[in-house]
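Peer 1: Going down the list, the sequences are from chains A and B. Just so you know, we're using my numbering here: the first sequence kicks off at 1 and counts up by one. Just so you know, we're using my numbering here: the second sequence kicks off at 1001 and counts up by one.
Quick caveat, the hints were computed from the structure, so don't treat them as lab data. Errors might be hidden in some of the hints.
Claimed, not checked - For each label pair, taking beta carbons as the anchor points, the in silico distance ranges come out as: (1) B/D1172 to A/D142: 49 to 57 Å; (2) B/E1005 to A/S156: 44 to 52 Å; (3) B/Q1038 to A/V116: 48 to 56 Å; (4) A/D172 to B/N1024: 25 to 33 Å; (5) A/I107 to B/I1013: 31 to 39 Å; (6) A/G123 to B/G1123: 50 to 58 Å; (7) A/S167 to B/S1127: 36 to 44 Å; (8) B/E1057 to A/V137: 24 to 32 Å; (9) B/S1156 to A/V137: 16 to 24 Å; (10) B/V1116 to A/D142: 50 to 58 Å; (11) B/K1035 to A/L56: 47 to 55 Å; (12) B/L1056 to A/D46: 20 to 28 Å.
Claimed, not checked - Result set (DSSO-like, lysine-lysine): computed pairs, CA atoms no more than 30 Å apart in a straight line: (13) B/K1171 to A/K208; (14) A/K84 to B/K1084; (15) B/K1171 to A/K12; (16) A/K208 to B/K1208; (17) B/K1084 to A/K14; (18) A/K84 to B/K1171; (19) B/K1012 to A/K208; (20) A/K14 to B/K1035; (21) B/K1208 to A/K12; (22) B/K1084 to B/K1171; (23) A/K84 to A/K171; (24) B/K1208 to A/K171.
Only a predicted model underlies this, so the values are computations on that prediction, with no experimental measurement involved. In this text, a Cβ means the ideal position worked out from N, Cα and C, and glycines have one as well.
So you can see what is in the structure, the chains are spelled out below.
Protein chains: 2
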Amino acid sequence: MNRFEEGLECLKIKLLEMSSLVENAIQCSIDAVVKSDQGAAQKVLDSEARINTIELEIDALAIELLALHQPMASNLRLIIAVLKINTDLERMGDLSVAIARSAQSLIETPAIEPIVDIPFIAGLVQSMVRKSLDAFVAGDVDLALSVLASDDIVDSLRTNYYHQLVSFMRKDPQNVNPALNLLAVTRTLERLADHSTNIAEDVFFFVKGVDVRHRLGQATNS
Amino acid sequence: MNRFEEGLECLKIKLLEMSSLVENAIQCSIDAVVKSDQGAAQKVLDSEARINTIELEIDALAIELLALHQPMASNLRLIIAVLKINTDLERMGDLSVAIARSAQSLIETPAIEPIVDIPFIAGLVQSMVRKSLDAFVAGDVDLALSVLASDDIVDSLRTNYYHQLVSFMRKDPQNVNPALNLLAVTRTLERLADHSTNIAEDVFFFVKGVDVRHRLGQATNS
């Protein structure tokens, strides 16, 4: 293995570490909401600093590899994909922090009924995150495609739940605060789904050398 | 001018076109909210396709320049910064669409009082967007720094307005829908401010070769 290959291997390992930290933060943030688990919320807040640090390390290594080795073709695409996925993962870390903060507010406000949709939407979103990262590791374009299809389902579930929570707020002013926190959670879950879609699109670019953004969405919607 | 310099010049011009499209979309989306201007909302929706196309063109050109010319040092940093800023600008285009959609819902629902804060917050956010892009064009680190300082002000204004709208919702169920739309607008404005912050950080990296993310925020907060 030459120095460039070693560097590339190190870059992949760091991105896997980043992925695993972010997936873990997402899991804890959802546990914090669904199980009213204050400790899980704290774990998310504690993991933010490590995620921020590793983001900087990955970017620095990627740029060093570009500067020292001037890679071409698929290796260049791989490094560009890592730079983009890294940015998405860091934002996903921030979004878990947002969910954990909503969970903390929900724990303080009286419990309300319609939380049933959250675990379901969260499960779908977590599966999108997992698949998009697996697709990157395996260079699996079909798996990436399946992520894009799920995005529409998450959007429509979120819209239904939105209307349900709005009528809940209109029924009783006491419901306004908890319902706003639940709305914030589902909105953030939808943003996590959007980031998984970005990652899936980056997998296409990396594997096929074709940029499918703003085109695949239309293809899968039809 | 050699071919690489020509390519780099073309890349900068395309990014300026992208910036101007996005700034224009933001302006129209705010007009749509503040002046209940249906035509302005439509302009934002119409500009989305062009923004998406130019995003792909910029990415393709940046990657071509990396592949064909293997630039080093400040030119490499410039291209990486363009790739990152391009991603932020495209998302900012999406956020203007979100504001335009909220404007359309607001036009359909009866007018409510507390809209006064929106033009003020919007003005601050637009000034952040402008400064971050000017800082990139001029390579002006001090101007980039001033963007980071404004982010905290936008956050605190948004929080105050949030509490105001929540009490408005609790007072009368009729207020729930319009207040939710106004909340969506301010939340999206805050996300626009976050993207300007990202751009300002990319300017630091491009000019100084130093990655200041997750560090400058703390410095300016103290």
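Peer 1: Each hint needs a verdict: does it hold in this structure or not?
Peer 2: Structure-based check of each hint:
no. : hint                          : in the structure
1   : B/D1172 to A/D142: 49 to 57 Å : 52 Å, holds
2   : B/E1005 to A/S156: 44 to 52 Å : 49 Å, holds
3   : B/Q1038 to A/V116: 48 to 56 Å : 38 Å, violated
4   : A/D172 to B/N1024: 25 to 33 Å : 43 Å, violated
5   : A/I107 to B/I1013: 31 to 39 Å : 52 Å, violated
6   : A/G123 to B/G1123: 50 to 58 Å : 42 Å, violated
7   : A/S167 to B/S1127: 36 to 44 Å : 39 Å, holds
8   : B/E1057 to A/V137: 24 to 32 Å : 30 Å, holds
9   : B/S1156 to A/V137: 16 to 24 Å : 41 Å, violated
10  : B/V1116 to A/D142: 50 to 58 Å : 52 Å, holds
11  : B/K1035 to A/L56: 47 to 55 Å  : 43 Å, violated
12  : B/L1056 to A/D46: 20 to 28 Å  : 39 Å, violated
13  : B/K1171 to A/K208             : 56 Å, violated
14  : A/K84 to B/K1084              : 8 Å, holds
15  : B/K1171 to A/K12              : 54 Å, violated
16  : A/K208 to B/K1208             : 34 Å, violated
17  : B/K1084 to A/K14              : 20 Å, holds
18  : A/K84 to B/K1171              : 45 Å, violated
19  : B/K1012 to A/K208             : 27 Å, holds
20  : A/K14 to B/K1035              : 49 Å, violated
21  : B/K1208 to A/K12              : 27 Å, holds
22  : B/K1084 to B/K1171            : 44 Å, violated
23  : A/K84 to A/K171               : 44 Å, violated
24  : B/K1208 to A/K171             : 56 Å, violated
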